[in-house]
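Novice: Sequence:
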Amino acid sequence: MKPREQYSRSQPSRPHSRRNTEDAELAKKVQNIHLQNCNDRASPSSNRPTFITNYVKVGVARKRVYKYSVTFSPDIDSTGLRYKLLCQHDSLIGQIKSFDGLALFTTRRLPEDQMFLDSVVEPHDRIVNLRIRFLESAELSECHQLISIVFKRILKYVDLQRVGRGYYSPELKINIDAHCLSLWPGFNTSLRSYDGGLLW
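Residue numbers (our numbering): 1 to 200.
Just so you know, these hints were derived from the structure itself, not from any lab. Computed from a predicted structure; not experimentally measured. Positions of the beta carbon are idealized from the N, C-alpha and C atoms, including for glycine. Treat the hints with care, since some could be wrong.
Said to hold, decoys possible - Derived DEER-like restraints, expressed as beta-carbon distance ranges: (1) R126 to I176: 48 to 56 Å; (2) T50 to K173: 25 to 33 Å; (3) S182 to V120: 19 to 27 Å; (4) S169 to Q114: 19 to 27 Å; (5) P185 to S73: 19 to 27 Å; (6) D125 to G101: 40 to 48 Å; (7) H179 to S73: 49 to 57 Å; (8) P123 to G197: 44 to 52 Å; (9) G197 to R64: 34 to 42 Å.
Said to hold, decoys possible - Derived pair list, reagent style DSBU-like, types lysine-lysine, alpha-carbon separation capped at 30 Å: (10) K97 to K173; (11) K57 to K97; (12) K173 to K57; (13) K173 to K156; (14) K67 to K152; (15) K84 to K173; (16) K67 to K57; (17) K152 to K173; (18) K173 to K63; (19) K173 to K67; (20) K63 to K97; (21) K152 to K97; (22) K156 to K84.
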């Protein structure tokens, strides 16, 4: 018996439909919409609903900040030790700064866009090389990363403990004995830009 010949039919690729193209263009236009005034969206109806949120509006000064990347050679794992090594050059960098272990923010531009510095690790007098490289400058209100660092530092100073991405107070805990649980009040450190400004 002659074996049956098998044929494979290749389906031609479907071009993008007109509807998909129109949807993509509409989505792009929606993303580019910038609402200039929140009050313009107020409902003319007298039956306006009332909403309550737990956001806090953040007001920042009109200032420019400068962002730098900092690398260490040999690499240093401890963020605390990295900060101490960087502080050995306060005379050059300045005391008004914020550093999260990787990114350095200053209120004034450093003399050079790229600098190589040496720091000493005590007590063994080991030399660590620092490379500081300029990344960008922006208005303080645009630097969400910097503002988040400052807020996290404040929460740490008021004795809140970090759990995951939030900061909580074990001293103000609420015990739920019926379920053998304890509830810690705290804060989420999410900072977002909305039509009304920065909200935390």
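Novice: Now tell me if each hint is right for this structure.
Specialist: Each hint, compared with the structure:
For R126 paired with I176, a C-beta distance near 51 Å keeps the hint of 48 to 56 Å intact. A hinted range of 25 to 33 Å for the beta carbons of T50 and K173 is consistent with their spacing of about 31 Å. Between S182 and V120 the beta carbon distance is about 45 Å. The supplied range of 19 to 27 Å is therefore violated. Between S169 and Q114 the Cβ separation comes to about 43 Å, which falls outside the hinted range of 19 to 27 Å.
The hint said 19 to 27 Å for the Cβ distance between P185 and S73, and at roughly 43 Å that hint is violated. Take D125 and G101: their Cβ atoms lie about 23 Å apart, and the range 40 to 48 Å is violated. H179 and S73 have their C-beta atoms about 52 Å apart, which keeps the hinted 49 to 57 Å range intact. At about 49 Å, the CB distance of P123 to G197 agrees with the hint of 44 to 52 Å.
Taking 34 to 42 Å as the suggested C-beta distance range, the pair G197 and R64 does not conform, at roughly 18 Å. With a C-alpha separation of about 34 Å, the suggested pair K97 and K173 falls outside the 30 Å cut-off, and the hint is violated. A C-alpha spacing of about 23 Å is found between K57 and K97, which places the hinted pair at or below 30 Å, so the restraint holds. Between K173 and K57 the CA atoms are separated by roughly 26 Å; this keeps the pair inside 30 Å, and the hint holds.
At roughly 17 Å between alpha-carbon atoms, K173 and K156 fall within 30 Å of each other, so this suggested pair holds. Between the alpha carbons of K67 and K152 the distance comes to roughly 18 Å, so the proposed pair stays at or under 30 Å and holds. At most 30 Å may separate the alpha-carbon atoms for a hinted pair to count; K84 and K173 exceed this at roughly 34 Å. A C-alpha spacing of about 24 Å is found between K67 and K57, which places the hinted pair at or below 30 Å, so the restraint holds.
Distance check on the hinted pair: K152 and K173 sit about 20 Å apart at the alpha-carbon level, within 30 Å; holds. A hinted pair counts as satisfied when its Cα atoms are at most 30 Å apart, and K173 with K63 does not qualify at roughly 39 Å. Taking the CA atoms of K173 and K67, the gap is about 38 Å. The hint is violated against a cut of 30 Å. A C-alpha spacing of about 14 Å is found between K63 and K97, which places the hinted pair at or below 30 Å, so the restraint holds.
Restraint check: the Cα-Cα separation between K152 and K97 comes to about 15 Å, which is no more than 30 Å; the hinted pair holds. About 18 Å separates the Cα atoms of K156 and K84, which keeps this hinted pair within 30 Å; it holds.
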